[in-house]
Amino acid sequence: GLRFSDGSPLDARDVVATFEGIVDPKLRSRYAQNYRRIAEMQVPDPRTILFVLREPHATFLTDLELPIVRRQDAFRRIATPEEPLPIGAGPYRLMKREPGVLDLRPNPHWHRGAPTYPILRMVVIRDDNTRALRMLAGQGDLAVASIPPLLLPLFRADGHFETRSAPGISTLYLGFQTGSPKLDDVRVRRAIGYAIDRALLVQAKYQGLARVTDSWIPHGHWAELANEPPRPFDPVLAATLLDEAGFPDPPGPTPRMRLVLRTTSERFRQSVARAIAAMLQEVGVEVDVRPSEAATLIADLNRGRFEMTLLQVPEVIEPHVLSWFFDSSRIPGPRSEGANRWHYRNAELDGLFELGRTTIDRAERRAVYERVQRILARDVPVLPLWQPDTVAVVRRGSRFDVPRDGRFGTLAF
Numbered sequence: 001g002l003r004f005s006d007g008s009p010l011d012a013r014d015v016v017a018t019f020e021g022i023v024d025p026k027l028r029s030r031y032a033q034n035y036r037r038i039a040e041m042q043v044p045d046p047r048t049i050l051f052v053l054r055e056p057h058a059t060f061l062t063d064l065e066l067p068i069v070r071r072q073d074a075f076r077r078i079a080t081p082e083e084p085l086p087i088g089a090g091p092y093r094l095m096k097r098e099p100g101v102l103d104l105r106p107n108p109h110w111h112r113g114a115p116t117y118p119i120l121r122m123v124v125i126r127d128d129n130t131r132a133l134r135m136l137a138g139q140g141d142l143a144v145a146s147i148p149p150l151l152l153p154l155f156r157a158d159g160h161f162e163t164r165s166a167p168g169i170s171t172l173y174l175g176f177q178t179g180s181p182k183l184d185d186v187r188v189r190r191a192i193g194y195a196i197d198r199a200l201l202v203q204a205k206y207q208g209l210a211r212v213t214d215s216w217i218p219h220g221h222w223a224e225l226a227n228e229p230p231r232p233f234d235p236v237l238a239a240t241l242l243d244e245a246g247f248p249d250p251p252g253p254t255p256r257m258r259l260v261l262r263t264t265s266e267r268f269r270q271s272v273a274r275a276i277a278a279m280l281q282e283v284g285v286e287v288d289v290r291p292s293e294a295a296t297l298i299a300d301l302n303r304g305r306f307e308m309t310l311l312q313v314p315e316v317i318e319p320h321v322l323s324w325f326f327d328s329s330r331i332p333g334p335r336s337e338g339a340n341r342w343h344y345r346n347a348e349l350d351g352l353f354e355l356g357r358t359t360i361d362r363a364e365r366r367a368v369y370e371r372v373q374r375i376l377a378r379d380v381p382v383l384p385l386w387q388p389d390t391v392a393v394v395r396r397g398s399r400f401d402v403p404r405d406g407r408f409g410t411l412a413f
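Going by the numbering used here, the first residue of the sequence shown is number 1, and it counts up by one from there.
Hints may be right or wrong, so weigh each one.
As the list claims (entries may be wrong) - FRET-style restraints, in silico, Cβ to Cβ:
1) Trp222 - Pro84: 39 to 49 Å
2) Ala295 - Val186: 24 to 34 Å
3) Arg77 - Ala114: 43 to 53 Å
4) Thr296 - Thr62: 30 to 40 Å
5) Ser329 - Thr62: 12 to 22 Å
6) Val52 - Gly304: 34 to 44 Å
7) Val52 - Pro84: 31 to 41 Å
8) Arg374 - Ala166: 22 to 32 Å
9) Pro334 - Arg77: 20 to 30 Å
10) Thr62 - Gly1: 23 to 33 Å
11) Asn227 - Thr296: 18 to 28 Å
12) Asp103 - Ser265: 26 to 36 Å
13) Arg76 - Gly246: 24 to 34 Å
14) Gly159 - Glu348: 18 to 28 Å
Worth flagging that the hints you see were computed from the coordinates, not collected in a lab.
Just so it is clear, the structure is predicted and the values come from calculations on it, not from any experiment.
Glycine included, C-beta positions come from ideal geometry on N, C-alpha and C.
Work out the full structure: start from the sequences and follow the hints.
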């Protein structure tokens, strides 16, 4: 009995058309590669699809997390404002789309009945301070993972709002250009890790609303590398490692080395970057923090034009996503796709990623990804720092359960 928001029925043929459209070269979908491993889709009845894969692929079930569109829409692009509004089958239907604004109304055909709120307007405000001021002025009811921790006291002091939080599953990290002459020695990358007092930064910058981590796999995940002691704050060891790597501390104010740290233009992210730079200064590493707009930053990272970068990776639900960032074949280039911007190469790790992808048993996969995490912790192509809590600022009386991934799905229930 599933129906799209226009009342038309949703059945297996729409599902098949959606996945066929994704791999259509004319659409140039960024997700096409994930679904080219489907060899055949059989439809024995309107409620059943049999997927036949070209080879074993353990992540296929999570790969299926894809919105289904009507089969008549499956082979056209619907993301641009000039095109007709997309029609889906979720709890809300899109009524109006303008730059930075989406207006939603309940889908009268949703299989779970009427959602919680009869009207939803989603507004994008890029500046942190402007976003907070508009909320305080009564122009918003909910902000999820978008109010910097340093501004949260303003809402706690305002009787109209409350803050709610859940343990987050994204990770803030430093990424290193491992081909840089200053950073190609793992001892330097390790030294940078020992020089950063993460516990202090979590308290000072996040008001304790984050969890120190040494992995991108979130706490509580089935593939989590549990019972591993966290990397300590040890500036003495950091200095020793820098000495051993050929960067002794010269007399006077001259630093051991100078590095450039690239990050986004977001104000809070810049403040965290400068705090990290101050800690590295204490061990003789002078850091120049250079913010950029996100598009410029990512383009430069993909071209290898950086030494260090401060970024946040979104939720890692399927551990095989790590291959996108660390497999040798995922170094960005004219003929390769991926986010291995660190130019990190490790044949053993590549083999483990392939083993994890083709192994179905979860216990065996867990063992594989535990080895993956240990290798990454040893080689430090990136330096995980902490996993910020997902914090929502909510107008009092509003119904909203904070999800760990920071998405808006719970608005419907």
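For each hint, the structure was consulted:
no.: 1; hint: Trp222 - Pro84: 39 to 49 Å; verdict: holds, 41 Å
no.: 2; hint: Ala295 - Val186: 24 to 34 Å; verdict: holds, 31 Å
no.: 3; hint: Arg77 - Ala114: 43 to 53 Å; verdict: violated, 31 Å
no.: 4; hint: Thr296 - Thr62: 30 to 40 Å; verdict: holds, 31 Å
no.: 5; hint: Ser329 - Thr62: 12 to 22 Å; verdict: holds, 21 Å
no.: 6; hint: Val52 - Gly304: 34 to 44 Å; verdict: holds, 39 Å
no.: 7; hint: Val52 - Pro84: 31 to 41 Å; verdict: holds, 33 Å
no.: 8; hint: Arg374 - Ala166: 22 to 32 Å; verdict: holds, 28 Å
no.: 9; hint: Pro334 - Arg77: 20 to 30 Å; verdict: holds, 24 Å
no.: 10; hint: Thr62 - Gly1: 23 to 33 Å; verdict: holds, 26 Å
no.: 11; hint: Asn227 - Thr296: 18 to 28 Å; verdict: violated, 41 Å
no.: 12; hint: Asp103 - Ser265: 26 to 36 Å; verdict: holds, 28 Å
no.: 13; hint: Arg76 - Gly246: 24 to 34 Å; verdict: violated, 58 Å
no.: 14; hint: Gly159 - Glu348: 18 to 28 Å; verdict: violated, 57 Å
In the structure shown, a violation is registered for the earlier hints numbered 3, 11, 13, 14, in ascending order.
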